[in-house]
Amino acid sequence: MADIKPPVSNTLDTNSTSNPPGDMDRRSFIKWSLVGWGAFVAVIGGYGSMVGRFLFPNVLFEPVQTFRAGTPYEYEIGVSERFKEKYGVWIVREKEKIFALLAVCTHLGCTPNYLPADHKFKCPCHGSGFYTNGINFEGPAPRSLERLKITLADDGEIVVDKTIRFHYEKGEWSNQDSFIPV
Amino acid sequence: MSADPNKPSLFDKFKNTQFYRSIFRTGVPVVSHRQRMMVMLNSVFLHLHPVRLPKHAVKVRYTWCMGGLSFFIFLVLTVTGILLMFYYRPTIEYAYGDVMDLSQQVPLGIMREIHRWGAHLMVITVWLHMFRVFMTGSYKPPREFNWVVGVVLLVLTMLMSFTGYLLPWDQLAIWAITVGSNMAGATPFLGMNGPGSSLLSIGDVNFVTSVSDARFAMLGGRFVGGGALLRFYVLHCIGLPFIIMIFMIVHFWRVRKDGGISGPT
Chain A
1 MADIKPPVSN
11 TLDTNSTSNP
21 PGDMDRRSFI
31 KWSLVGWGAF
41 VAVIGGYGSM
51 VGRFLFPNVL
61 FEPVQTFRAG
71 TPYEYEIGVS
81 ERFKEKYGVW
91 IVREKEKIFA
101 LLAVCTHLGC
111 TPNYLPADHK
121 FKCPCHGSGF
131 YTNGINFEGP
141 APRSLERLKI
151 TLADDGEIVV
161 DKTIRFHYEK
171 GEWSNQDSFI
181 PV
Chain B
1 MSADPNKPSL
11 FDKFKNTQFY
21 RSIFRTGVPV
31 VSHRQRMMVM
41 LNSVFLHLHP
51 VRLPKHAVKV
61 RYTWCMGGLS
71 FFIFLVLTVT
81 GILLMFYYRP
91 TIEYAYGDVM
101 DLSQQVPLGI
111 MREIHRWGAH
121 LMVITVWLHM
131 FRVFMTGSYK
141 PPREFNWVVG
151 VVLLVLTMLM
161 SFTGYLLPWD
171 QLAIWAITVG
181 SNMAGATPFL
191 GMNGPGSSLL
201 SIGDVNFVTS
211 VSDARFAMLG
221 GRFVGGGALL
231 RFYVLHCIGL
241 PFIIMIFMIV
251 HFWRVRKDGG
261 ISGPT
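Those sequence lines, one after another, are chains A and B. So for the first sequence, the working numbering puts the first residue at 1; every next one is plus one. So for the second sequence, the working numbering puts the first residue at 1; every next one is plus one.
It should be emphasised that the hints constitute simulated quantities derived from the structure, not laboratory data. Quick caveat, the model's predicted, so the values are computed rather than measured. Every residue, glycine too, gets a C-beta built ideally from N, C-alpha and C. Treat each hint with caution, since some may be false.
[As the list claims (entries may be wrong)] So the derived label-pair ranges between C-beta atoms look like this:
1) B:F252 to A:G46: 31 to 39 Å
2) A:P181 to B:S103: 52 to 60 Å
3) B:D101 to A:T163: 33 to 41 Å
[Said to hold, decoys possible] Counterexamples of contact, computed for chain B against chain A with all Cβ distances above 10 Å:
4) M37
5) N42
6) I73
7) H115
8) W127
9) T136
10) G263
[Unchecked claim] Chain B side only, calculated, beta carbon under 7 Å to chain A, not exhaustive:
11) W175
12) T178
13) V179
14) N182
15) G221
Start from the sequences, fold in the hints, and give me the full structure.
Here it is, written out as structure tokens:
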């Protein structure tokens, strides 16, 4: 037992201002701390952004947003529900134009129903009502239904693009692409 | 069969086995108050409950026991939820049918109803707990931090409720989540329809679109579909319970550290 010597302390000399050889002074400690923390933050940030990107897939298996809707002559005056089920779009023919209405209530996003007897769209969720031209007139919906980009292809067929939308309250319904004159 | 009072009983012998001593590490016999305390503090399960309680802490008319009930219902929901996971498949093809089967074909079909009613009940008890804490002024220092933790737990409870709502995959679920998730589309800057979202763009290229905004991250699609069902399922069963448990640990720990449950002053 008497042979065991106490461990030799090589750093805890508090009276000395200079550091023992091989030890770190404050300045380089701060420098290397910054390097270390910087690397840590960079790695965490990199992985974090990778995780964020992971949540946004490159391919969506959803219905296409552009579809062909036949020729203008196939539509009589009034509302056509031909593409409601598949694409959520009404094709509406008025006397001088055809336009496409997106079947998404502007209140909270439910799908309204077309009531032919009342000549209106009625949302089942909270009772918003829209005229067949898309203007809201009852219930909580704050604005009219949105019209979609509708154009004629070279072969004379109607093409509806759901990604381009026209808002009545922004005065966009006079836009060339928001209707087809007939 | 008159017992000799000096003869150790079978239980006393059992208490001296290594098995018993490994679990209850405080030596026997437990006679002093300090020893009774050590029994509690030396067991991970017993120490979850305080060693001593003020008399008012068990006064139901004061506490309503709403915090305790909320935790109890959380445990019920955990157990029933794990059981439901043995049958439920979160896909468009199977989700609704599996929920129907859970009520109609699986033995103890009430399991799904217990989970559903328990979820409703937990929201109610959490609100009542908050109401009680407010009315008794228990949010005041030193408990103000725990009030904030409690508000986070309230939000997490509502999110658990919201994500669970979609899983039956019936019309009510789909449209309720459609309405609810449209709110995410109005997130400032990060939502497609939110204020300031058009600022995040370079020239004509807008970075916050229907496939890159907060609503999309939530639904995994542009509308409520199979991706949304799977995301909500994962959040409901793994993600949110994990977070809510961390906050519950902090919540309960802080009750103890802030001087125990508050009482009438």
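Each hint, compared with the structure:
Judged by the Cβ atoms, the range 31 to 39 Å given for F252 (chain B) and G46 (chain A) holds: they are separated by roughly 35 Å. Separation of P181 (chain A) from S103 (chain B) is about 56 Å and conforms to the stated range, judged on CB atoms against 52 to 60 Å. Look at D101 (chain B) against T163 (chain A): about 39 Å separates their beta carbons, and that is inside 33 to 41 Å. The claim that M37 (chain B) is not at the interface with chain A holds, since no C-beta of that chain comes within 10 Å of its own (minimum 38 Å).
No beta-carbon of chain A is positioned within 10 Å of the beta-carbon of N42 (chain B); the least distance is around 34 Å. At roughly 30 Å from the closest C-beta of chain A, the C-beta of I73 (chain B) stays outside 10 Å, upholding its exclusion from the interface. The claim that H115 (chain B) is not at the interface with chain A holds, since no C-beta of that chain comes within 10 Å of its own (minimum 26 Å). In this structure W127 (chain B) is separated from chain A by more than 10 Å, as the shortest Cβ-Cβ distance comes to about 24 Å.
Distance check on T136 (chain B): its Cβ is at least 37 Å (rounded) from any Cβ of chain A, clearing the 10 Å threshold; non-interface status holds. At the 10 Å boundary, the C-beta of G263 (chain B) stays outside the reach of chain A, the nearest C-beta of that chain being 43 Å off. A least Cβ separation of about 6 Å between W175 (chain B) and chain A falls short of the 7 Å threshold, and the interface hint therefore holds. For T178 (chain B), the interface hint holds, since its Cβ comes within 7 Å of a Cβ in chain A; the closest pair sits about 5 Å apart.
Because the closest C-beta pair between V179 (chain B) and chain A is about 4 Å apart, less than 7 Å, the hint holds. Taking 7 Å as the C-beta cut-off, the interface hint given for N182 (chain B) holds, the closest approach to chain A being about 4 Å. Given hint, G221 (chain B) at the interface with chain A, holds; its Cβ is 6 Å from that chain's nearest Cβ, closer than 7 Å.
In summary, the structure agrees with every hint in the numbered list given earlier.
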